[in-house]
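A.B. asks: The primary structure of each chain is shown beneath.
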Amino acid sequence: GAVVSQHPSWVICKSGTSVKIECRSLDFQATTMFWYRQFPKQSLMLMATSNEGSKATYEQGVEKDKFLINHASLTLSTLTVTSAHPEDSSFYICSAPGPGPLGLRAPLHFGNGTRLTVT
Amino acid sequence: AQRVTQPEKLLSVFKGAPVELKCNYSYSGSPELFWYVQYSRQRLQLLLRHISRESIKGFTADLNKGETSFHLKKPFAQEEDSAMYYCASGGGTGNAGNNRKLIWGLGTSLAVNP
Numbered sequence: 224g225a226v227v228s229q230h231p232s233w234v235i236c237k238s239g240t241s242v243k244i245e246c247r248s249l250d251f252q253a254t255t256m257f258w259y260r261q262f263p264k265q266s267l268m269l270m271a272t273s274n275e276g277s278k279a280t281y282e283q284g285v286e287k288d289k290f291l292i293n294h295a296s297l298t299l300s301t302l303t304v305t306s307a308h309p310e311d312s313s314f315y316i317c318s319a320p321g322p323g324p325l326g327l328r329a330p331l332h333f334g335n336g337t338r339l340t341v342t
Numbered sequence: 193a194q195r196v197t198q199p200e201k202l203l204s205v206f207k208g209a210p211v212e213l214k215c216n217y218s219y220s221g222s223p224e225l226f227w228y229v230q231y232s233r234q235r236l237q238l239l240l241r242h243i244s245r246e247s248i249k250g251f252t253a254d255l256n257k258g259e260t261s262f263h264l265k266k267p268f269a270q271e272e273d274s275a276m277y278y279c280a281s282g283g284g285t286g287n288a289g290n291n292r293k294l295i296w297g298l299g300t301s302l303a304v305n306p
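Which chain is which? The protein sequence lines are B and U, in order. Going by this note's numbering, the letters in the first sequence line up with residues 224 to 342, in that order. Going by this note's numbering, the letters in the second sequence line up with residues 193 to 306, in that order.
Treat the hints loosely; a few may be bogus.
To be verified - Covered stretches of chain U (chain B as the covering partner; in silico rule of three or more C-beta atoms under 8 Å from a C-beta of chain B):
#, stretch
1, 208-214
2, 236-247
3, 292-306
Said to hold, decoys possible - Beyond 10 Å from chain U on every Cβ pair, some chain B residues (computed):
#, residue
4, Ser238
5, Glu245
6, Arg247
7, Thr272
8, Asp288
9, Phe290
10, Leu291
11, Thr305
12, Asp311
13, Pro330
14, Leu331
Since the hints were derived computationally from the structure, they do not count as laboratory data. Backbone N, C-alpha and C define an ideal beta-carbon position, used for all residues, glycine too.
Working from the sequences, and respecting the hints, build out all of it.
C.D. replies: As structure tokens, this is what we get:
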């Protein structure tokens with residue numbers, strides 16, 4: 224089945240540094256990937272839509288200069304949290320629509336998430 | 193704008209009791225509705241979709257266009273059903289729809305007590 228791999232699973236960084244999170248589709252191509260933020264026991268918040276070969280589309284209220292997204296290939300999207308601060312500490316998840324029959328929207332396949340802690 | 197509403201943040205039931213997780217959507221066209229589930233320490237995964245009209249792990253969900261609802265139901269809840277459930281809506285079918293974002297509800301945490 225379609226698998227999305229997310230790396231790292233967890234990362235601790237110091238305030239002011241940048242952190243890169245990778246999202247890979249392992250056995251399928253994904254022209255689009257989605258990045259989410261999930262707070263403890265709270266909802267999933269879509270941050271941005273990553274588009275291969277073009278600029279990402281950010282949701283309202285998400286700082287694009289803060290959360291840099293690059294989708295340079297059909298199997299890899301990266302999210303870089305720049306100049307991280309403690310309030311950026313969260314669980315970040317990516318997803319990609321998997322392959323599916325024509326005429327039917329493919330289900331989303333999710334990565335395992337990345338726990339970011341900024342000290 | 194599209195909106196998905198899950199009115200219950202937390203739902204607690206006893207094992208063997210029926211369970212219904214509510215979901216209402218707003219979309220003027222032909223909606224695509226999904227239920228995704230996240231078990232403890234696992235990744236989010238698709239539970240079921242309205243277009244498939246299937247039962248997964250004993251759960252069913254019927255699209256009611258008149259009430260704009262897509263409630264998730266199970267007649268007899270099991271402890272292993274305890275998880276976070278998200279309802280999501282997307283407009284439009286076809287491959288082009290794959291690249292369009294889903295609109296997510298806030299999620300309902302289901303706790304099935306022994």
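A.B. asks: It remains to establish, for every hint, whether it holds in the given structure.
C.D. replies: Against the structure, the hints come out as follows:
For the stretch 208-214 of chain U, the proposed coverage by chain B is not satisfied: 0 residues have a C-beta within less than 8 Å of a C-beta in that chain, short of the threshold of three. A count of 5 residues in the stretch 236-247 of chain U with a Cβ less than 8 Å from any Cβ of chain B is obtained; the coverage claim is therefore met, three being the minimum. A stretch counts as covered by a chain when three or more of its residues have a beta carbon under 8 Å from one of that chain; for the stretch 292-306 of chain U and chain B the count is 7, and the coverage holds. Ser238(B), annotated as away from the interface, keeps every beta carbon of chain U farther than 10 Å; the closest lies near 28 Å.
With a cut of 10 Å on Cβ distances, Glu245(B) stays outside the contact zone with chain U, its closest approach being about 15 Å. In this structure Arg247(B) is separated from chain U by more than 10 Å, as the shortest Cβ-Cβ distance comes to about 14 Å. The Cβ of Thr272(B) does not lie farther than 10 Å from every Cβ of chain U; its closest approach is about 5 Å, which violates its non-interface assignment. Here Asp288(B) stays apart from chain U, with its beta-carbon at least about 21 Å from theirs, past the 10 Å limit.
Under the 10 Å C-beta cut-off, the non-interface status given to Phe290(B) relative to chain U holds; the minimum distance is some 16 Å. No beta-carbon of chain U comes within 10 Å of the beta-carbon of Leu291(B); the shortest separation is about 19 Å. At the 10 Å boundary, the C-beta of Thr305(B) stays outside the reach of chain U, the nearest C-beta of that chain being 23 Å off. Under the 10 Å C-beta cut-off, the non-interface status given to Asp311(B) relative to chain U holds; the minimum distance is some 21 Å.
Distance to chain U contradicts Pro330(B) as a non-interface residue, since its nearest Cβ pair spans about 4 Å, not more than 10 Å. For Leu331(B), the non-interface assignment is contradicted: its Cβ lies about 7 Å from the closest Cβ of chain U, within the 10 Å cut-off.
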